[in-house]
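Protein chains: 2
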Amino acid sequence: MGRLPTTKHDRQHRLQNYLETHPFITDEELARCFAVSVQTIRLDRLELGIPEVRERVKQVAERSFAKVKSLANADLIGELVDLELGVSGLSMLEVTPELTFQRTGIARGHFLFAQANTLAVALVDAEIALTGTAKISFKRPVRQGERVVAKAMVKTIKENRYYIKVTSRVEGEIVFRASFVVFAVNGKEDTLVADRS
Amino acid sequence: MGRLPTTKHDRQHRLQNYLETHPFITDEELARCFAVSVQTIRLDRLELGIPEVRERVKQVAERSFAKVKSLANADLIGELVDLELGVSGLSMLEVTPELTFQRTGIARGHFLFAQANTLAVALVDAEIALTGTAKISFKRPVRQGERVVAKAMVKTIKENRYYIKVTSRVEGEIVFRASFVVFAVNGKEDTLVADRS
DNA sequence: TGTGCTATTATGACCAGGTACTAAACATAT
DNA sequence: ATATGTTTAGTACCTGGTCATAATAGCACA
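Respectively, the protein sequence lines represent chains A and B. Using this note's numbering, read the first sequence as starting at 127 and increasing by one per residue. Using this note's numbering, read the second sequence as starting at 127 and increasing by one per residue.
A few of these clues could be false.
Since the list gives no way to pick out one identical chain from another, each pair is judged satisfied if it fits inside one copy or across any two copies.
In silico DSS-like links for lysine-lysine, alpha-carbon gap of 25 Å or less [stated by the list, open to error]:
{"#": "1", "residue 1": "K261", "residue 2": "K284"}
{"#": "2", "residue 1": "K277", "residue 2": "K291"}
{"#": "3", "residue 1": "K277", "residue 2": "K261"}
{"#": "4", "residue 1": "K281", "residue 2": "K291"}
{"#": "5", "residue 1": "K277", "residue 2": "K184"}
{"#": "6", "residue 1": "K277", "residue 2": "K134"}
{"#": "7", "residue 1": "K265", "residue 2": "K291"}
{"#": "8", "residue 1": "K284", "residue 2": "K265"}
{"#": "9", "residue 1": "K265", "residue 2": "K134"}
Derived by calculation from the structure, the hints in this document are not laboratory data. This structure is a prediction, so every number in the text was calculated from the model and none was measured.
Using the sequences and the hints given, assemble the complete structure.
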C-alpha cells in the first residue's frame with residue numbers, strides 16, 4: 127500500500143460511520159466536511175458500495191415508513207398464535223433490540239406487560255374490552271433475542287368481569303405472570319366507562 | 127369556471143389522495159396513472175402546493191426517521207418533568223393516536239402502565255433497576271388528546287427493594303393507580319437476575 | 001535519477017426528475 | 001367570432017449525481 131495507508135482507510139471508515147447517523151448529506155457537503163474533493167468522496171462511496179443521497183433517503187423513507195406503520199398499528203403486541211375466545215390464548219413475542227434497554231439488553235417490563243395485556247383483552251368476547259386491574263410479577267429479566275410465549279386462561283367470568291391469568295415463558299422457564307380483571311363492554315358504555323365526550 | 131369543472135377538480139382531489147398513500151411516485155408515473163400529460167400533473171401539483179418526488183421522499187424519511195427513533199429509543203414513555211431520585215417523580219404523557227385503539231380512540235392500557243413503570247424505574251438510585259411485581263388498577267379509560275400526569279412516590283426501601291406508588295391523573299381525575307416493587311441492582315447481577323448469559 | 005505505484009483532483013459528457021417560462025392547441029359558452 | 005379555462009408541448013436551466021478519462025502530487029525503490 128501507499129504512503130498514506132491510514133488516511134484513506136481511516137477517512138472511509140469515518141465516512142461510513144458518519145453516513146449512518148447522517149444519511150441525508152450530499153457529496154458536496156461531505157467533501158467540505160472531510161476536507162477533500164467531491165471526486166474523492168465519490169470514489170470512496172464507490173469503493174464502499176454506498177449509494178447516492180437520493181437512494182439513501184429513499185431507503186430510509188421506505189424502511190422507517192414500514193416500521194412506523196407496524197409499530198403504530200400494533201393493536202396487538204406479540205403474534206397471536208392461538209385463540210379460543212373466552213377460554214384461552216397463546217401469543218409469541220420476539221425480543222428485538224427496540225424492546226430492550228439499550229444499556230443492558232434487558233427487555234423493558236412494559237412490553238411483557240403489553241403482550242400479556244393485549245392477549246388478555248383479545249380473549250374477551252365483547253365489542254370493547256378494557257383492563258380494570260392487574261397483579262403482575264416479573265420472575266426474571268428477559269434478554270434480547272429471546273422468544274417469549276405468553277399463555278392466557280380465563281379463570282372465571284362474573285357478570286361483565288373476566289378473571290384472566292397469563293403466564294409468560296422463555297424456553298419453558300416462567301419469566302412473567304399476571305392476573306387481570308378485564309371488563310367487557312357491549313354497546314353503550316356503562317358507569318365504569320363514564321366519560322363526558 | 128369552465129366546462130370541465132368536475133374533471134380537473136376531481137383529478138386534483140384524487141391526485142392528492144393518491145399521493146398520501148403513494149408518496150414515492152414520479153410525475154411521469156402519475157401522468158400515466160391519471161392518463162394526462164406530465165405538464166398537467168406539474169400544474170396540478172403547483173396549484174395544490176405539492177412538492178416534487180424527492181422532496182416528498184425526504185419529508186417522509188425525516189418525519190418517520192424521527193418517529194422511529196422516538197418510539198424505539200423511548201427508554202422513557204412520557205416526558206419526565208420532575209424527579210427527586212429515590213423520593214418522587216412526575217411524568218406527562220400526551221395521548222396521541224398511536225397510543226390508542228383505532229376503533230375506540232381509547233388509550234391502550236399498557237401505555238399507561240409503561241408511563242408509570244418507566245417513572246418508577248427512573249426513581250431508583252441504582253445502576254440497573256428492574257420491576258419485580260406490580261398491582262395496577264385502571265380507574266377510567268383515557269382518550270386521545272388527553273394529557274396524563276403520573277406522580278410517583280417511594281413509600282419504603284427495604285434492602286434493594288423499592289416500594290413505589292404511582293397515581294396517574296387527567297385534569298385532576300385519577301385514571302390509573304399502580305404499586306410497584308422495583309429491585310435495585312448494582313454491579314454484578316444477584317440471584318434475582320439469575321441468567322446464564 | 002527515473003520509474004512505478006497509489007491517492008487525489010479535474011474535466012467533460014450524460015442522466016433523472018424536476019422548475020420556470022412561453023406558446024400553442026383545444027373546448028365551449030356567450 | 002371571441003373570450004375563457006384547460007391541456008399539452010417545448011425550451012432553458014437546476015441539482016446531485018454516474019461514468020470515463022486524464023492530469024497531478026507524493027513517495028518508495030532500485
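Taking the hints in turn, this is what the structure says about them:
1. Taking the closest pair of Cα atoms, K261 and K284 come within 25 Å of each other both inside a single copy (18 Å) and across two copies (21 Å).
2. Taking the closest pair of Cα atoms, K277 and K291 come within 25 Å of each other only inside a single copy of the chain (8 Å); across copies the shortest separation is 28 Å, beyond that limit.
3. For a Cα distance limit of 25 Å, the shortest separation of K277 from K261 qualifies both inside one copy, at 16 Å, and across copies, at 20 Å.
4. For a Cα distance limit of 25 Å, the shortest separation of K281 from K291 inside one copy, 7 Å, qualifies, whereas the shortest one across copies, 28 Å, does not.
5. For the identical chains of this complex, K277 and K184 are neighbours neither inside a copy (39 Å) nor across copies (42 Å), given an alpha-carbon limit of 25 Å.
6. Neither within a single protomer nor between protomers do K277 and K134 lie at most 25 Å apart by alpha-carbon distance, with minima of 55 Å and 54 Å respectively.
7. When the C-alpha separation of K265 and K291 is checked against a cutoff of 25 Å, the pair qualifies both within a copy, at 15 Å, and between copies, at 20 Å.
8. Taking CA atoms no more than 25 Å apart as the test, K284 paired with K265 passes between copies only; the shortest distance there is 19 Å, against 29 Å inside one copy.
9. Proximity of K265 and K134 under a CA criterion of 25 Å is satisfied in neither setting, with 51 Å inside one chain copy and 62 Å between copies.
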